[in-house]
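The task is simple: from the sequences and hints, build the whole structure.
Quick note, the sequences are listed as chains A and B, same order. Going by this note's numbering, the residue at position 81 of the first sequence is 81; the numbering climbs one at a time, nothing skipped. Going by this note's numbering, the residue at position 136 of the second sequence is 136; the numbering climbs one at a time, nothing skipped.
A few of these clues could be false.
Claimed, not checked - One side of the interface only, derived from the structure: several residues of chain B facing chain A at Cβ under 10 Å:
no., residue
1, L29
2, I72
3, Q88
Stated by the list, open to error - List of simulated lysine to aspartate or glutamate pairs, EDC-like, C-alpha gap at most 16 Å:
no., chain 1, residue 1, chain 2, residue 2
4, A, K97, B, E27
5, B, K39, A, D116
6, A, K39, A, E23
7, B, K97, A, E27
8, A, K13, B, E50
9, A, K39, B, E50
Said to hold, decoys possible - Between beta-carbon pairs, the in silico distance windows are:
no., chain 1, residue 1, chain 2, residue 2, range
10, A, M38, B, S100, 29 to 39 Å
11, B, L189, A, M38, 22 to 32 Å
12, A, K17, B, A94, 21 to 31 Å
13, B, L57, A, N75, 50 to 60 Å
If you're looking for bench data, these hints aren't it; they were derived computationally from the structure. All values reported here derive from a predicted model rather than from experimental measurement. Ideal Cβ placement from N, Cα and C applies to all residues, glycine included.
There are 2 protein chains.
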Amino acid sequence: MSYYPASVLNLIKNLSKLPGIGEKTAERLAMHILRTPMKQAQALAQSILELKEKSRLCVRCFALSDAELCAICSNPERDARILCVVEQPAEMIAIEKSGSFQGAYHILQGVLSPMDGIGPENIRIQELLDRVAAEHIREVVLATSTTVEGETTAAYIAERLEAFSINVTRIASGVPIGGDLKYVDQMTLKRAMETRHALRY
Amino acid sequence: MSYYPASVLNLIKNLSKLPGIGEKTAERLAMHILRTPMKQAQALAQSILELKEKSRLCVRCFALSDAELCAICSNPERDARILCVVEQPAEMIAIEKSGSFQGAYHILQGVLSPMDGIGPENIRIQELLDRVAAEHIREVVLATSTTVEGETTAAYIAERLEAFSINVTRIASGVPIGGDLKYVDQMTLKRAMETRHALRY
Chain A
1 MSYYPASVLN LIKNLSKLPG IGEKTAERLA MHILRTPMKQ AQALAQSILE LKEKSRLCVR
61 CFALSDAELC AICSNPERDA RILCVVEQPA EMIAIEKSGS FQGAYHILQG VLSPMDGIGP
121 ENIRIQELLD RVAAEHIREV VLATSTTVEG ETTAAYIAER LEAFSINVTR IASGVPIGGD
181 LKYVDQMTLK RAMETRHALR Y
Chain B
1 MSYYPASVLN LIKNLSKLPG IGEKTAERLA MHILRTPMKQ AQALAQSILE LKEKSRLCVR
61 CFALSDAELC AICSNPERDA RILCVVEQPA EMIAIEKSGS FQGAYHILQG VLSPMDGIGP
121 ENIRIQELLD RVAAEHIREV VLATSTTVEG ETTAAYIAER LEAFSINVTR IASGVPIGGD
181 LKYVDQMTLK RAMETRHALR Y
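The following block contains the structure:
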């Protein structure tokens, strides 16, 4: 590694701190940046700094945002009376990409995980309850993951929402579309069977 | 892609311009940088800018360097009378890592490639001839790649160096160490046979 001048070495070191980027890849990226036009390298550096400076969490739903309210919370065409509760921004984006939801979100910024010392007060559950109490919410869709922690979190929130006269729903679990039944795990099959629904034509 | 705020989108766009980094990976990296401490993100941005500002080519051998002379050219323990001619800095670093060479380098910054309009005047061949004329060089090792362009470049330089009474050598081609003979391509085997050498015990 001492074959590179200090400036190259330093960039390799910093790049290899990124997830999935080992020393070899970092070397290749640094060599590419060396050959890249000054303007493009500056744009990359600048966008890293701007991301850290500008991006923050929406004050209402805790989604990633450049402004006080995120694009969804400030969009009058979204149905603000349905809240989809997710763990992290990445899950919100996955649902947005699916185009299956037209309501608003609430990003918990984590899941309940007693093993890691994460209790209800460490994630945005109180803020969700406050929103349900203050806004005219008619449905809360619990879209946490189907992991042990995600299920626990959904169950906990459902219980806390019993005090309100609103619909509380959970996204369906079951056989993935395109999934071959014989390769689907038993837990998923069990859930798919339990939550089977009538077909309406 | 419009699911992200502009600052995130912009970083994803800039990251995905890097080689081997697609949109998915760029997304993942951007999300990581979001969670990363401010100081670490700043260090990454800063090191990109510093690389572009500080790193330049050694005035003597055209290796990557932070100073006028690179670490090898300014190292009195390296034998400056043997020059290893390579195409690009990456090849120099590969040789350095092998620990097999104690002389100095000359980085051509390319190879002859008439198809791409790259002639002798576009790479650092004249500078090599000037060095051989001015410095007390006793051997030039041609270590360009064994591609058509690399071989052509080596042959061209060898011809130009005939005017000087120095040794001109070419790195050996042949079966890679650990290579299984039956999987080695015919060109390599042919070369390995042609350049076979006596075993001395």
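Checklist entry - Which earlier hints can't be squared with this structure? => result Of the numbered hints, 5, 6 and 11 do not hold.
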